[in-house]
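Q: Spelled out from the first residue to the last, the chains are:
There are 4 protein chains.
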Amino acid sequence: MNYDLILKEIHKEIQPLYNEGKVASYIPALKNINPKQFAMSIQLFDGTSFHIGNYNQQFSIQSISKVFTFTLALHLYGKDLYKNVGHEPSGDPFNSLVQLEYENGIPRNPFINAGALVTTDLLINKYKDETFEKVLAFIQEISNNKDIVYDKEVASSEEQTGYMNFALLNMMKSYKNISNDIKEVAQTYFKHCSISMSTNELSRAMLFLANHGTDPLSKKEFITQSQAKRINSLMLTCGHYDASGDFAFKVGLPGKSGVGGGIVAIIPNLMAISVYSPQLNKNGNSLIGTKALELFTTKTGLSIF
Amino acid sequence: MNYDLILKEIHKEIQPLYNEGKVASYIPALKNINPKQFAMSIQLFDGTSFHIGNYNQQFSIQSISKVFTFTLALHLYGKDLYKNVGHEPSGDPFNSLVQLEYENGIPRNPFINAGALVTTDLLINKYKDETFEKVLAFIQEISNNKDIVYDKEVASSEEQTGYMNFALLNMMKSYKNISNDIKEVAQTYFKHCSISMSTNELSRAMLFLANHGTDPLSKKEFITQSQAKRINSLMLTCGHYDASGDFAFKVGLPGKSGVGGGIVAIIPNLMAISVYSPQLNKNGNSLIGTKALELFTTKTGLSIF
Amino acid sequence: MNYDLILKEIHKEIQPLYNEGKVASYIPALKNINPKQFAMSIQLFDGTSFHIGNYNQQFSIQSISKVFTFTLALHLYGKDLYKNVGHEPSGDPFNSLVQLEYENGIPRNPFINAGALVTTDLLINKYKDETFEKVLAFIQEISNNKDIVYDKEVASSEEQTGYMNFALLNMMKSYKNISNDIKEVAQTYFKHCSISMSTNELSRAMLFLANHGTDPLSKKEFITQSQAKRINSLMLTCGHYDASGDFAFKVGLPGKSGVGGGIVAIIPNLMAISVYSPQLNKNGNSLIGTKALELFTTKTGLSIF
Amino acid sequence: MNYDLILKEIHKEIQPLYNEGKVASYIPALKNINPKQFAMSIQLFDGTSFHIGNYNQQFSIQSISKVFTFTLALHLYGKDLYKNVGHEPSGDPFNSLVQLEYENGIPRNPFINAGALVTTDLLINKYKDETFEKVLAFIQEISNNKDIVYDKEVASSEEQTGYMNFALLNMMKSYKNISNDIKEVAQTYFKHCSISMSTNELSRAMLFLANHGTDPLSKKEFITQSQAKRINSLMLTCGHYDASGDFAFKVGLPGKSGVGGGIVAIIPNLMAISVYSPQLNKNGNSLIGTKALELFTTKTGLSIF
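Residue numbers (the working numbering), protein chains in the order written: chain A, 1 to 305; chain B, 1 to 305; chain C, 1 to 305; chain D, 1 to 305.
All clues given are correct.
Once the Cα atoms are required to be at most 20 Å apart in a straight line, the calculated DMTMM-like pairs of lysine to aspartate or glutamate come out as:
#	chain 1	residue 1	chain 2	residue 2
1	B	Lys36	B	Glu20
2	D	Lys79	C	Asp246
3	D	Lys79	D	Glu221
4	C	Lys183	B	Asp181
5	D	Lys282	C	Glu103
6	B	Lys176	C	Glu159
7	C	Lys79	D	Glu294
8	C	Lys83	D	Asp246
9	B	Lys282	A	Glu103
Footprint (simulated), chain B over chain A, 3 or more residues, beta carbon under 8 Å:
#	stretch
10	231-237
11	243-254
Bear in mind the hints are in silico, worked out from the structure with no lab data behind them.
Just so you know, even glycine gets a beta-carbon here, dropped at the ideal spot from N, CA and C.
Only chain A is shown next, with the shape it has when bound in the complex (with noise of 0.2 Å):
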């Protein structure tokens, strides 16, 4: 299949959108940024690579770390993680305090704030004061490139504004389902969404996980093929808070987005997928984003459906 080609057509496409959507507002770091951006990239399992746009600019992963928070949690505890976090879609919207009180505290799945607040928590347990450390160590692994940080201001200003996230650790904590300081875990979990990177990078980063849990181009077996199947079927079922029906509907592909502009894809056996644009649908998805991929899938015919 001629992949820069399709990539050249999706971009043309996606023009007339570019006045559609909003940036997310309540990041303040986040507020100014270029809203008429768009990049897109694809990798396969050879190393080949294709793009379009601006691939390497680098952008807030926000909630795209979840994924990545998630699966290390997942090969350290296994099953066990199922006790503090469940695997259900959660039919809210994505900061719903109403179903962690009917269900004590057991948020639905790791991929709503609740549930990646308890996967930080579980992290800390084994990590302790090295947690981030550790994730970001695991990102760079994943990407094999050691130049990944954290933006400093981005997470600070996620720190002073995340009042609903609070609610949250504070919620969960008295139901006990969060062991360590809240603010502890709060600060952890803003490092993580502010990582930087570029669609180049992420789609990197993704390979594992439509090649099994295993890096097609190092060899390295970061989880087991189990592991990686439910992890994406994760991100179908949940991955776009409320959107995730939609999502699966018309792109047909497990992937999970960011509140910063990026969604990430992959199609099992084949290639994993990064798109970036700032501007937001009503449900705090990338709107060309999401588009791009409908496209990708619709001119490709491969959607898993």
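Guided by the hints, dock chains B, C and D onto chain A, whose structure is given.
A: Chains B, C and D only, in chain A's frame:
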């Protein structure tokens, strides 16, 4: 792959589970079924099929009928259908009125009861008092089998005890999301649910969904490729009530279960599968059926993830 | 106190409010009522009464009937009643199914629709197909007036459009909190609601509740002192749907409103009051009626607080 | 009436209840209190008072402080207060985040935790870092007692374990219904709750609310007559969390309870009452205290209904 051998292994491995699970008790006519039954059928594109157990034993398809009525409604209405019924996971038990009330009578998706009742109402708009006959004829056509009928005793039993479905209908009527007479919608819906089929017949009926909407044997196109993709994604995200995430996690295939004990599933571009075993797990899905499908994707590596 | 003068002052002061509020539109037979009506009646223990406006104009008592059916059920069942219906404020709009679902079909109190339907069901257990006649006879007795009847057109209009009430009945039936046939319970309930009375008649009917359960004129004891106390406290905490707190706040009397535009209230040991004005505020209570009662307790200092 | 005799009778009749109920365990500093205590005080307008039990034993007033902070806030803000906090019963357990989320961070009423936190925040707007001192001075003034202080150990214990209150604060901050620093609001609130008073002191402090806002002994007007009416109606409809309806039903007086085991109540135009007994019923109200008040209104016929 040696499907005969795989089915035999599965048959053996599910034996210890016969004492777990419970036959659905809320439909009186289903209560007295022999609980210790198992059947599994695989249908390939070239007409070959593989079976184990009582694969010609007919049972009540119940909610599996929601796949067929949704298919027909999508064929008739296209995207207009989404004005009346959504396509997001519900994240709540299958009869929940709560979400429906907060969302003004628009059901989350067509695979929960409320959504299937709306779908039935929309079919009645088009087919009037021939609706059930049209649905049955459609199922006969995709199954290539004129002998499929419904069980009057089960339908009448459901009508006499289906208070929650009547509650849903009345509530949606108050929100003007039901156009026709409540009793007529209910009776038509209960007839669909009471259709009797075997795993042999169900796997044949589902074949067009594994092949982008076109029956690979008769070459008839029942729906478009794009619509087939959408139905399959919906089965994956919403096909098993409050355990949809768990099914995607463990089995990794688009599928739909019914409280009669049946499950259907498809592997895109390859096959349709059906299992039957009447004892249900706590989420209302066939306990042995779910396990059999999990064993099948594990043994064959044919999960879509 | 010069009640005649006070009523005249109130009549004058409510004039500017005739253009606010809206007549209830969801019961077709009530829609065409002249909106600009007002009446107010005061009934003292010595038989004296004071009136203003069209105090002999009959109107649909609607939810005011809930006070009478609850009184009768409390008389028949005593504390056993609380197995089927609670006595706490609902804190939610008057038709809400949500709370009912979370509380397994036991309504919060007898003054929301669900609770009054359960009360009616319990009366049918005792009085069988004479239930409505018994309720009507009870109202005639406490009113000392054999001429009170119900409006067939209103009852039939409610039955044809009362989908939410049918939803509530079906849902509670599924939780086994309704024993009788749904249609019979609904028809009996709609008849109660459709009883026509004037403010003159209603203030007379409520007199026993102002006097510890015994009619001060006929000396008949309809309920015990303790039961009267309970009914009055319920009217205060739950008598005005989602605005019960506001009514207690502003008026400070036990009272009950109906969407027909009537309100009844009592001042313990002193009097019964009734007002009528068909235009409703956003909470479904008579806008001018509520204001008139607020003016009355302000002018007389007769709030219970 | 012979109040001495009535108090003695009550004291005798509550004896068999000492083994029911449970001391609040979620505030560590309260856990070790002697559970078998009882005190009751009556304060009349002429300065006469009647007591039974350890009526000079001080205990943590906890949520009773909400009456005092609301009184002060109503005095300062008048009706503007209702922009930030409602006056309807909550119909949900006292810590519920659910209703708060559906209602955009505006608490139902000032007597649930969320509402009292908002009230505290509003007081801080006016009194800055002197807020707690001003509240304490106000309580000392209405009590005519300069010796009232708070218990530092209890306040600090609450701050260290009050995760749910921090969750509420963070959530309301995210809805912009908290203006000040979360830690400051929390510390001020926990200090109010940790004020120690005896039934003797509490019944004296409540006297102005029984007399339309003016202390009948010192003749000082603390709030207007209209405001006193509103506070009393709020105590009746919302004073006992999820058992407010039950308290109105059984006791029939405006009152407010605290998890420390105290309850205050007033009889308009006549007296203020306070009871203490630390074992709580399932709704978090003093079990013996509630019973004692029920016996009191039954014996004296002084229910407001």
